[in-house]
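Given the structure of chain A, go ahead and fit chain B with the ligand onto it with the hints provided.
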Amino acid sequence: MAIDERVIVETVTGMGLAGNEEGLIPAFGLYLTNHYADFYNRISFGVLGALVRENPELTEDAVALLTEAAHVCAFHTFGGIMSSVEWDALVQPMIESREDWVLGMMAVVNAFGWGRFRVAELLPGERLVVELRDSYESSGYLESYPQADGPRCFLANGGMAGLMNLVYQGDITRRPTLTEELYREVFSDPRSFRSHERLCAAKGDSHCEFVVERMQG
Amino acid sequence: MSFHLAPQADLERGITTLGGRRLVFHCHHYNVFLQRTIEDALQERAPRLLVAAGMEASRSMLQGREGEAQSGSAADALRRAADTFAAQGFGRVDVRQLGEGGGRATLDHSHYAVGWVSRWGKRAAPGCFFAAGFLAGAVAVAYRLAPERVTSREIECVAAGDERCSFRVEVW
Ligand SMILES: [Zn+2]
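So the sequence lines, in the order shown, correspond to chains A and B. Take the first sequence: its letter number 182 is residue 182 in the UniProt record's numbering, and every next letter is one higher. Take the second sequence: its letter number 95 is residue 95 in the UniProt record's numbering, and every next letter is one higher.
Okay, chain A solo, but in the shape it has when bound (with noise of 0.2 angstroms):
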């Protein structure tokens, strides 16, 4: 059986997650929240735009801080529903190949409210190259700045990056433990993936694109 994302979306959904009696989200060995999209738009485009007036030459160290920050979701978020009872129930038996581990993940992925993702081209152990659209990041941009001079969907492109690099670096299939050191073992590797947006819907692309390489091919 192949990834059936229709039923993922459609399960996952089913789900309702929502608060416990607690007011929390205890799913996938993690805390969920429902959040407001408005309110990481406003955070990250507003430390960015902080810090690049401060000094315009910050804008690339600015824009780490965000990918890390999306490289630690990836790694945890994830990670975390890569090695959970929901995933061994729901996605695991479709799983033929490692590959499957990609499009699994991106299938959960899709029924978070993120936008809608599509694997467009996977190179196994290689490349990764994915469209995305109404990312949120990128609608959320265009509704309360002008159009952007480069790309902007910086959690959606290190979530890209730190997917690769949890099947093909942190080989997730073997359920390690998910530790600062193996995070930082994996993400520092020269071989590790990063990712490119190429196409951003805030910088006037129909749609945005990534392309997940890995750093020193």
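In short, the hints are calculated from the structure, not lab data. Among these hints, one or two may not hold up.
What the hints assert, rightly or not - Chain A side only, calculated, beta carbon under 7 angstroms to chain B, not exhaustive:
1) G19
2) L32
3) A37
4) G46
5) Q92
6) G115
For glycine and all other residues, C-beta sits at the position ideal for the given N, C-alpha and C.
Structure of chain B with the ligand alone, referenced to chain A:
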């Protein structure tokens, strides 16, 4: 009453909305890491951005949702806001001492405090900025106040070693 709390999902587009605003799932690792990144980068200016963003985001969602709600009572609107907050995974907030002049709110099981402590342990000062902003937004919407009149500050925080999180909302 719970139909007010149900977000609407467009599975084809991967979009979920409540009160016309988009919702996205994220976990505590990202939430507290992003907050820490912003606190490190902006230092003493960070709380203002974090609280204002929380207020702006919750106010536009609650405004949109109150437009759909039937009951006109401000207390009902505050209660709905607290229910939404809990349904979204931020913790259980008691808003019964809030009124049109502001007041105090207490928060049990704050997501940000729980998340922060689980990742890094205690911090020196209160850290539930989003929750503070949310409460300001909820008061502004419930009493139809200009947002500039409402401020909110966390005065006790589990992440800073206090027994619970509590907030002082002021209406000017
Ligand atoms: Zn984009």
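Hints versus structure:
{"no.": "1", "hint": "G19", "result": "holds (4 angstroms)"}
{"no.": "2", "hint": "L32", "result": "holds (5 angstroms)"}
{"no.": "3", "hint": "A37", "result": "holds (4 angstroms)"}
{"no.": "4", "hint": "G46", "result": "holds (5 angstroms)"}
{"no.": "5", "hint": "Q92", "result": "violated (20 angstroms)"}
{"no.": "6", "hint": "G115", "result": "holds (5 angstroms)"}
Going down the numbered hints, you'll see the structure goes against just number 5.
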